[in-house]
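Novice: In the order they appear, the protein sequences are chains A and B.
So that you can map any letter, position 73 of the first sequence is 73 in the numbering used here, and since no number is skipped, the others follow by simple counting.
Offset between the second sequence (1-based) and the numbering used here: plus 1000.
Hints should not be assumed to be uniformly reliable.
Per label pair, the in silico range of CB-to-CB distance [to be verified]:
#: 1; chain 1: A; residue 1: Gly41; chain 2: B; residue 2: Gly1436; range: 20 to 28 Å
#: 2; chain 1: A; residue 1: Glu5; chain 2: B; residue 2: Ile1445; range: 29 to 37 Å
#: 3; chain 1: A; residue 1: Met66; chain 2: B; residue 2: Glu1461; range: 33 to 41 Å
#: 4; chain 1: B; residue 1: Gly1298; chain 2: A; residue 2: Gly84; range: 42 to 50 Å
#: 5; chain 1: A; residue 1: Gly37; chain 2: B; residue 2: Pro1233; range: 39 to 47 Å
#: 6; chain 1: A; residue 1: Ile86; chain 2: B; residue 2: Lys1238; range: 23 to 31 Å
#: 7; chain 1: A; residue 1: Glu15; chain 2: B; residue 2: Ile1445; range: 40 to 48 Å
#: 8; chain 1: A; residue 1: Pro57; chain 2: B; residue 2: Val1420; range: 40 to 48 Å
#: 9; chain 1: A; residue 1: Gln39; chain 2: B; residue 2: Tyr1458; range: 27 to 35 Å
#: 10; chain 1: B; residue 1: Ala1088; chain 2: A; residue 2: Ala18; range: 53 to 61 Å
#: 11; chain 1: A; residue 1: Asp54; chain 2: B; residue 2: Glu1446; range: 19 to 27 Å
#: 12; chain 1: A; residue 1: Glu98; chain 2: B; residue 2: Gly1436; range: 57 to 65 Å
#: 13; chain 1: B; residue 1: Glu1446; chain 2: A; residue 2: Pro10; range: 55 to 63 Å
Honestly, the hints are just simulated from the structure, not real lab data.
Source: prediction; values computed, not measured.
Using N, Cα and C, we set each Cβ at its ideal position, and we do this for glycine too.
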Amino acid sequence: MKKIEAIIQPFKLEEVKAALKAIAIEGMTLTEVRGHGRQKGHMEVYRGREYQVDLIPKVKMEMVVMDARCEEVIETICRAARTGKIGDGKIFVYDVGEALRIRNDDRGESAL
Amino acid sequence: MKRCRLAASILAAAYPVAAQSDAALVAEMQKLKAAVAAAQSAGDNAWMLTSAALVLLMTGPGLALFYCGLVRKKNVLGTMMQSFIMMAVMSLLWAVIGYSLVFAPGTAWIGGLDFAMLRGVGAAANGDYAPTIPHLTFMVYQMMFAVISPALITGAFAERVKFNALLIYSVLWAFLVYFPVAHMVWGKGGFLNAYLGGVVPVYDFAGGTVVHITTGVSALVCALVIGPRRGYPQEPMKPHSLVLSFIGACLLWVGWFGFNAGSALAASSLASSAFVATHLGAAAGAVVWLVAEWLHTGRPSALGAISGAVAGLATVTQGAGFVVPFVGAVYGLAGGLACFYLVVIVKHRLGYDDTLDAFGVHGVGGIIGAMLTGVFATRAVNDALKLANGEAAPLGWVDGNGGQIGNQLIGVAIGIGFAVVGSWVALKITAALTGGLRMEAREEIEGMDLVLHGEEGYNLEA
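Isolated chain A (complex conformation):
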C-alpha cells in the first residue's frame, strides 16, 4: 500500500477530484494548508504598509491506494493539477505499514 500526499493549487481541486473519480478513486482526506516551495508569496498593502506574504493557500490531498494503482493515481493527479507554472505543487509517496477499517477489523488492502 502507498500513501499519496498531493499539495495542489486550491483552484485545481475540483478538476483533480473529477479526474480521480473517473478512474474510480473516491476515498481521500483534504486539508486546507498554507505553504510555499519555490514559488514566492505576494505583497499586501494596508494603508501604505507593505506585508510580504510568503505562505499561500494550498490544498493537501491524502489517499492510500493499492501498490498496483499508485502510478496511475499519481499520473492522474499530475495531469489534472498541472498548469505548467511555478506553484503547481508537489506529490509525495510513502509506504504504508498497515491499514485497518475501524468498523469491522478489515486489514491490509481490503481495508482500503
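With chain A's structure known, arrange chain B on it following the hints.
Specialist: For chain B alone, coordinates are given in the frame of chain A:
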C-alpha cells in the same frame, strides 16, 4: 347692501367663530399658534431623537467594528471594549457634570454647575440652544458627541494600553480637553462661540474642531507618549478582518447623518443641506483616496475606500451646515487627499505608531475642514447670525468676510493647544495612578482579550 347683510348672516351661520367676540377669537388664535408650535416641536423632536440614536450608532457598533477589524485577532474584544465602554462611562459623566460644564452659563472657558445632575433639564426647551425641542433631547443628543470623542482617540494606542489606564485617561481627557473646548465653541458665552456672546467667532457646525481636532491631536500625543506597539514596524501586524472594518465604516457613514444633519437641531431645510453636504463629502473622500492609492501602489483597496470616506466625513463635519451642499464634495476631496498623504506616505517616514490613524484621519481632516469653513461658510445657506439691522451676517470669505479665516485659525490653534496640553497632563496623571499606561511585554504578546478581559473573541472550537 341688503345682499351684503344677507351674506354676513349666512357666513355667521356657517362659521360660528365669526359671530363670537374678539376675546374668543384671540383665544382661538392662541390655541392655533400653540398647536402649530407643538407640531413643529414634534417634528423636530422626532428628528433629533433619531439623530441622537444615529450618533450613538457611530460608536457602537460603527467605530467598534471599524477599529476592531484593523487590529490582530488577539485584540479584537479589547479594541471593541475601548469604544463600547465610552457609551457607558461618558454617558454617566455627561449626565453628572459634563453637560453642565459645557452648556450651563459660566465663564468664557468652561460652563457652570447649573445643570449638574441634569438639574432643570427637562421637557421645556432651552431657548439659547434649541428652542423647539425639549432640553432633554438637546442634552442627550450632545451626550452622544461626548461618547464618541474619546472612543476616536483609542485608535492611536490600540493593542497596548491597559484597561484601567484607558478609563482614567478618558475621564481626565473629558475634563481637560473636551468639556472646555466644547464650551468655548458651543456653550453660551464661550470664548469661540459665534452666536452666544463669544469673543472670537468660530463656525463649527457639528464638531470639526470640538470633536475631530481635539481627538485627532490628542491621538497623536498619545501615540508619541505611549510609544509604538512592541515589534512595530518590523513585525507584520495585518488587520485581522477588513470585513468587520467595512461594516463599521458603512455604519459610521450612516450615523454621520445624525452627527451633521442633526446639528441643525431641527428637522429643517438646513438639516437637508447639511445632510447632502455630508454625503458628498464622504463620497468624494472615498473616490479621491482610492484614486490616489491606485496611482501610488497600483491597486484600489477596500481599506483605502472606507478610510477615504471616513476622512471625507471628518473633514466636512465643521462646515456641513454653513456651506452650499455641493461644496461638501470639495471638503471630501481636500480632506481625503491630505489624509491619504499623511497616513500612507508621511506616517511611515516619521515612524510613530498611530495604530489606526486617529490623527491621520480625524486630526488632519478636522483641521482642513475648519480652515475650509472660513472660506466657504455662507449666509445663503445659514442665516442664523444676524447683523444689528436684522440682515443675515456675512460668514466666510465667499461672503466677503475674509477675516473669518483668521478666526477659524484661532479656533484650530486653541483646539490643538488644549488637546496637546490636556492630553499630555492626562497621560502623566494616568501613568502615575496606574503604574504605567501599557501592558507588560508578555501581556502585549498574549493579547488584550485574554490578559485584560479573560476572554477570546473567536472561540472556533467552541
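Novice: Which hints from the list above does the structure break, by number from lowest to highest?
Specialist: 1, 4, 5 and 13
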